[in-house]
Each structure stands twice: as C-alpha cells, then as structure tokens.
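Protein chains in written order, with this note's numbering: chain A, 1 to 329; chain B, 1 to 461.
Hints listed in this document are in silico derivations from the structure and should not be mistaken for laboratory results. None of the values given here were measured: they were computed from a predicted structure. Don't be surprised by glycine CBs; every beta carbon is placed ideally from N, CA and C. Hints may be right or wrong, so weigh each one.
Simulated coverage check for chain A against chain B, where a stretch passes if three residues somewhere in it have a Cβ under 8 Å from a Cβ of chain B [unchecked claim]:
| # | segment |
| --- | --- |
| 1 | 25–34 |
| 2 | 44–51 |
| 3 | 121–132 |
| 4 | 135–147 |
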Amino acid sequence: MAARKTKAKPNISAQELTQYYEDMLLIRRFEEKAGQLYGMGLIGGFCHLYIGQEAVVVGLEAAAEEGDKRLTSYRDHGHMLAAGMDPNGVMAELTGRIDGYSKGKGGSMHMFSKEKHFYGGHGIVGAQVPIGAGLAFADKYLENNRVTFTYFGDGAANQGQVYETFNMAAIWDLPVIFVIENNQYAMGTAQKRSTSSPDFYVRGEAFGIPGEAVDGMDVLAVKAAGQKAVAHCRSGKGPYILEVKTYRYRGHSMSDPAKYRTREEVQKMRQERDSIETVRSMLLTGKHASEEDLKAIDKKVKEIVNASAEFAKDSPEPAVEELWTDIYA
Amino acid sequence: MATEILMPALSPTMEEGTLAKWMVSEGDTVASGDIIAEIETDKATMEFEAVDEGVIGKILVAEGTENVKVNSAIAVLLEEGESADSAAATSSEPAPQEASEPAAETPAPAAEAAVPAAPISPAYDSTPDWPEGTELKQQTVREALRDAMAEEMRGDDTVFLMGEEVAEYQGAYKISQGLLDEFGAKRVIDTPITEHGFAGIAVGASFGGLRPIVEFMTFNFAMQAIDQIINSAAKTLYMSGGQMGAPMVFRGPNGAAARVGAQHSQDYAAWYAHIPGLKVVMPFSASDAKGLLKSAIRDDNPVIFLENEILYGRSFDVPVLDDFTVPFGKARIWREGSDVTLVSFGIGMHYALEAADKLAEEGISAEVIDLRSLRPIDYETVLASVQKTNRCVTVEEGFPVGAIGNHLSAVIMERAFDYLDAPVINCTGKDVPMPYAANLEKLALVTTDEVIAAVKKVTYR
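Using the sequences plus the hints, can you model the full thing?
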C-alpha cells in the first residue's frame with residue numbers, strides 16, 4: 001500500500017467544466033446569501049459556511065453514481081447542493097420554516113434527504129464517520145454495489161471513533177471513502193498545533209487503508225482522485241482515504257472573528273488559489289466559454305439563490321403541532 | 001436597483017455594535033465576498049463582506065459610530081450606471097421598518113401560543129399476555145432472549161447481531177449461543193472492543209435499511225457509545241423531519257452483577273428513560289424477555305433493552321406460541337392487592353415480589369406492578385392501582401437522584417394527589433459507587449427488608 005500524491009487530471013469536456021463552474025458558484029452564492037440572512041436575524045444559532053471549499057464536493061460528486069451515499073459534519077450546505085438537493089428546501093431549513101428539508105426542526109447542522117441519499121448533517125464532530133461506515137456496511141450487506149462518501153474535517157480526524165471506524169472498515173472491507181477535508185483550521189486551532197504529523201492521508205496505513213492527498217482547490221484533481229477511490233471501493237477492495245487540502249475563507253461559524261490567521265493568508269488563498277476563479281479562467285483562456293456565457297451563468301445562479309431566500313422567508317414557521325411529531329416512527 | 005447594506009448581526013444575541021472601520025469608500029466597486037467593513041461587538045471584531053456586486057453609492061453610518069442597531073442601513077450599494085442621488089431617495093425611509101420585521105416574527109410561537117400538551121397515554125389495558133389455556137414451558141431468561149433473536153432473524157433477513165464475542169465465543173453471557181451456526185458470519189458479527197465505533201456503524205446500518213441488534217457486553221461499556229445512541233440514534237428522526245430514523249436494538253446486561261465493583265455495577269434505566277426518541281424496556285421474567293425483545297426488533301425506533309446478569313439463569317413460564325410478543329407501554333400486574341401498590345421493573349421485581357410474600361404473612365396485601373417498559377411508561381395501570389390502594393412504594397436498583405421512582409412519584413402527585421394516604425416512598429440503590437466488599441455491596445443495593453419497611457411506613461403499621 002503506497003500513499004501518494006496524485007497529479008492526474010481527467011479529460012474533460014467544455015460542457016462538464018462549465019457545469020462545475022456553475023455548481024461551485026451556486027454553493028458560493030448560496031453561502032453568501034445565507035451569511036446575509038444570518039446577519040438579518042433570519043437564520044439563527046450556528047451557521048458554518050463552506051465558502052472556499054466548493055471544489056471538494058463538486059469534484060467528488062462528479063465521481064459519484066446514482067445511489068451512492070454521502071454524509072458530513074455541520075458544515076453541510078455545500079454537500080447538499082452538490083448532491084442535487086433543492087436550494088429552496090435547504091434555505092428554508094436554515095430559516096427554520098416548514099418547507100425546509102427537516103420541516104424546520106433540524107436547522108443548518110441537521111439536514112437529510114433520503115431521496116438524494118444525503119444522510120446528514122451531523123452536529124457532533126466525528127460522529128458521522130462510523131455512521132458513514134455503517135451505511136457502507138448496509139450496502140455491502142444488501143449487495144447494492146454502492147459507495148458512501150464520508151466527509152469530515154481535519155479537526156474530526158483527531159477523534160477516537162475515526163480510528164475505531166478505520167479498523168472495522170478495513171476488517172470488513174466496507175465500501176466507504178473517508179474524505180478528510182483539511183481546511184487547515186479546527187475551529188481556531190491550526191493543524192500544526194493540533195496534529196502530530198502533517199499528513200492525514202497516511203493515517204490509514206496502520207489499518208492497511210490506502211490514502212492519497214489531493215489539491216482541494218482544483219476541481220479536476222478532486223474528481224480524478226474521487227474516481228480512483230470509487231473504483232477501489234466498488235471493486236470490493238474496502239475503504240479508501242482522500243485527504244483533500246482545501247481552505248475556508250470565512251470564520252468557523254458566523255460568530256468567529258477568525259483572529260487566528262492573518263488577513264493576508266486568506267487574501268492570498270482567495271487571489272491565487274480560488275477554485276472558481278481557476279475554472280473561470282480555464283474556460284475563458286481555452287475559449288470554452290465567453291464572458292457573456294459566464295455572465296449568464298452568474299445571473300442564473302443569482303436568481304436561484306435569490307429565489308431560495310425569498311422562498312425561505314415566505315415559508316411559514318412549522319405549526320405548533322410539529323413540536324410533537326417525528327419523535328417516534 | 002440600489003440596495004441597502006444593513007448592519008449585520010454577528011451572533012444570535014447581538015442587537016447593536018460599533019461600525020469600527022470602513023474598508024471601502026464611496027465610489028468603490030465591490031464584488032461578492034469583498035470585505036467592506038469591520039464590525040465590533042463586545043466579544044470580537046468581525047469582517048463584513050459584500051454579498052452583491054456593485055458600487056458603494058453612499059456610506060450612511062460613519063466609521064467609529066457606536067451602538068449601531070442590527071438591520072439598520074449602513075450604506076447604499078448601486079448597480080452599474082446608477083447614481084448615488086437616485087439611491088439616496090430609496091434609502092431614507094422604509095428600511096429600518098422592513099429590516100426589523102424578522103426580529104418581530106421570531107419569538108412568536110413559544111411565547112404566545114400555549115405549548116400543546118403531549119398526547120395522552122392510552123387507557124389502562126388489562127388483557128393478559130397470552131390467552132388462557134395456552135401451553136407453558138419453563139425457560140430461562142437466557143434461552144428466551146436467544147429464541148427471540150433467532151425467531152426474528154428467521155423472519156427478517158435485515159436483522160443482524162453485532163457485538164463483542166457474540167459469534168465464535170457464543171456470547172460473553174451465552175445469550176447468542178448457536179446463532180452463528182444457524183445464521184452465519186454475515187449476520188452474527190464479532191466486533192473489536194470498540195463500543196463507540198460499532199454503535200455508530202450500527203446506527204449507520206439502520207439508516208441504510210438494516211435492523212441491527214447491538215449487544216453490549218454490559219451497559220457499563222455503552223457509556224463509550226452513548227453519544228451515538230442519543231445524538232445519532234434517538235434524535236435523527238426528529239432532526240430529519242421524519243425522513244429517517246434508526247430501527248435498531250441496543251441490548252445487554254445492565255445493573256449490578258455480583259462483586260464486580262463500581263465500574264461494572266450501574267443501572268442505566270433512568271438515564272435512557274430520560275431521552276425522547278428512545279424506547280426503553282427492562283424485562284424481569286423470561287416471557288417478557290422474549291416477548292419484549294421480539295417487539296423491540298420489529299420496532300421502527302431505537303430500543304434500549306436492559307437485561308440483568310443475575311436473572312439470565314432464572315426460569316419462568318413462557319407460552320408455547322408461534323409468535324409471542326409483548327407490547328411496549330403495558331405494565332403487568334404480578335399480584336393483586338388492596339393495601340399498597342409496589343411498582344418496580346427488572347431485577348427490582350425480585351425484591352418487590354419477595355416483600356409482597358412476606359407482607360402477606362403479616363396481613364398486608366400488596367399489589368405488585370412490573371412496568372416492563374420505561375419509555376413509554378404505563379402510567380394508567382399505576383394510577384388505577386394507587387387509586388385503589390392509596391399508597392405506593394417504588395423499587396429499583398439505580399441511584400436515588402433522578403430515579404424512575406422520582407418520576408413516578410411526581411406523576412402520582414400530579415394526577416392522583418387526592419387518592420394518596422401517605423407520601424410515595426422510593427426504594428433505590430444507595431447514593432454511593434458500588435463497593436467491592438461483600439458486606440458493603442449488600443448494603444449498597446436495595447433490599448427486601450427496605451421495601452417491607454417502606455410499606456409499613458406508608459401503611460402506618
């Protein structure tokens with residue numbers, strides 16, 4: 001088992017690349033809007049934005065097939081949109097309204113869609129990791145030939161249950177891809193202060209789980225690594241680890257002033273490595289799209305996001321009877 | 001059209017703040033994500049980003065201004081080609097009112113509308129667990145539990161058993177004896193010693209369409225897994241708006257065994273019974289062990305199934321029926337009586353029944369109720385009995401603070417206060433970690449003598 005960094009890039013059509021641009025832009029604009037609604041008091045509690053990390057979910061969803069499952073932590077809006085969940089339903093859940101995916105009873109951190117095979121939205125750091133392996137366990141048991149993308153962050157990667165899960169996933173050859181989204185900060189703690197070795201992708205070695213590091217600001221690199229991981233899992237070889245190196249532009253949650261890093265660090269990342277800008281310039285320099293084409297996409301995305309905000313404001317709060325429903329099946 | 005940039009709330013509790021610094025000037029072009037200002041609250045300074053592209057037409061609140069109300073307009077953003085003048089007009093009046101609207105909306109339902117009451121429990125059900133004349137056989141609790149799992153596994157391929165030593169070792173307490181042979185390694189799965197991890201995997205498997213039975217070697221070790229049990233298994237149905245839940249069973253021995261000390265001798269009944277979204281059962285007899293476990297495996301919710309090591313080897317009558325189940329939320333009256341109601345569950349029933357026998361010799365007639373399930377609880381049977389006997393003593397092995405008996409006392413006080421001729425007494429384990437020494441261990445547990453003394457107190461004998 002050799003852990004290695006991948007440089008492979010797939011052949012890709014202009015149409016696909018344009019789609020990734022649109023998908024990533026939708027997440028970014030959606031999150032900006034969510035931040036705005038939070039500022040207006042329409043979204044309460046905790047709200048963790050995904051801005052900066054868009055290429056991770058868009059790249060990996062491009063490697064998934066219908067029926068594959070995914071789940072993640074509380075920083076989950078991007079994963080839901082990438083999985084094809086309706087922006088209206090997600091935004092209405094953020095505002096705590098009846099048309100939200102959880103009827104307003106889950107909120108930003110606890111959202112699910114059986115239809116889109118999105119299994120949360122988990123508020124306890126690391127708890128989704130064994131659950132993801134459990135979904136893979138069920139798929140193996142039922143002989144579904146499906147894989148589960150189990151996302152967690154560099155912070156969660158230090159939780160004990162992650163390694164309990166690696167062990168069992170390896171023993172039982174579970175078709176699960178552990179996607180470590182390394183955005184370099186576990187809330188306010190930089191990776192070098194929390195983590196004894198710099199690489200997470202090697203952490204499966206003790207269990208015989210192959211892993212690789214991926215540039216998470218490059219959607220095509222993410223997709224290529226995702227395809228490799230999917231092929232590994234689907235062929236019955238057991239789990240696979242992808243450490244996707246990414247960056248979150250905003251604070252940990254809305255109420256995080258992010259004083260643990262410099263503004264220059266963030267600005268440098270945004271200016272030099274931004275995944276959306278990278279694809280944008282690929283499209284333009286390769287003449288796969290014109291400025292007008294991209295403007296039209298920007299406009300379309302903006303309309304979708306604005307509509308979701310209106311929908312989320314107009315949707316009523318859950319009826320008081322909802323207090324007592326969905327406690328027992 | 002010109003839009004107003006509003007003073008943002010940076011936390012759910014923020015009402016106003018200081019506009020510390022403008023990072024842009026009038027006439028600057030901004031794009032989504034650009035930092036435009038720094039906002040200071042009592043806790044922190046935060047950067048504030050533009051959410052739209054445009055030109056900063058007018059700055060309405062100068063930097064350094066304190067006590068700027070959340071949602072008041074602080075600047076005007078123009079679209080390309082618009083002038084600041086035309087925007088100024090739109091910006092002046094309607095903004096604050098519109099902006100304060102959501103704040104006014106939010107506190108509504110909880111404060112104004114009365115919280116609707118929880119549904120009322122069904123009326124008292126006194127039907128027997130099996131029809132009269134049913135053939136009975138003597139069976140141990142251990143055998144009854146195994147039979148329940150085997151029968152359900154035969155009937156439903158998605159049911160599987162996982163836990164430490166459940167397969168090749170045949171169960172640490174031999175509850176799963178023979179299951180590996182019958183169902184194979186796919187469905188009877190030995191796990192590593194990793195409770196948190198395998199409980200989480202089982203929760204995920206239940207989300208994925210299976211019906212796991214998780215055996216904890218004892219419930220003491222389930223504390224390693226309790227986050228998965230409560231935060232993941234019990235709450236997901238609610239948090240998903242009813243889309244997905246965890247149809248699964250967590251089972252294993254609970255409470256004191258014998259001479260195993262503090263870390264291996266705790267009754268978790270009250271802990272789990274506290275949690276909405278869980279069902280909790282704690283059988284005493286073999287027939288209840290079988291009938292309740294079969295119900296638990298079929299239930300679409302996470303069920304905590306609390307067994308007892310000391311009871312595993314005890315034999316009881318079990319009906320010989322093809323498919324015998326016991327419903328949740330239905331207490332069983334073991335003994336009818338008229339002077340006092342003894343309410344217990346699990347191994348507590350041992351003390352309650354023994355006390356009732358001895359009390360009968362002294363002419364005190366005790367009615368003995370086995371709750372069997374602690375969530376839901378059959379309040380109706382308890383209340384009906386208390387209305388008849390006017391006295392109640394609860395018996396359990398757990399710690400006294402926040403005990404099931406405490407809860408029952410409160411319910412009886414609320415709903416049958418006028419029927420009580422004496423305060424309800426809770427007989428519980430002592431408020432100490434379980435000692436190892438044989439004499440001290442005996443003192444730490446609830447005893448039959450304590451139950452008898454409590455009954456004499458409430459009957460003023």
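Outcome of the hint check:
{"no.": "1", "hint": "25–34", "in the structure": "holds (count 4)"}
{"no.": "2", "hint": "44–51", "in the structure": "holds (count 3)"}
{"no.": "3", "hint": "121–132", "in the structure": "holds (count 9)"}
{"no.": "4", "hint": "135–147", "in the structure": "holds (count 7)"}
Checked against the numbered hints above, the structure violates none of them.
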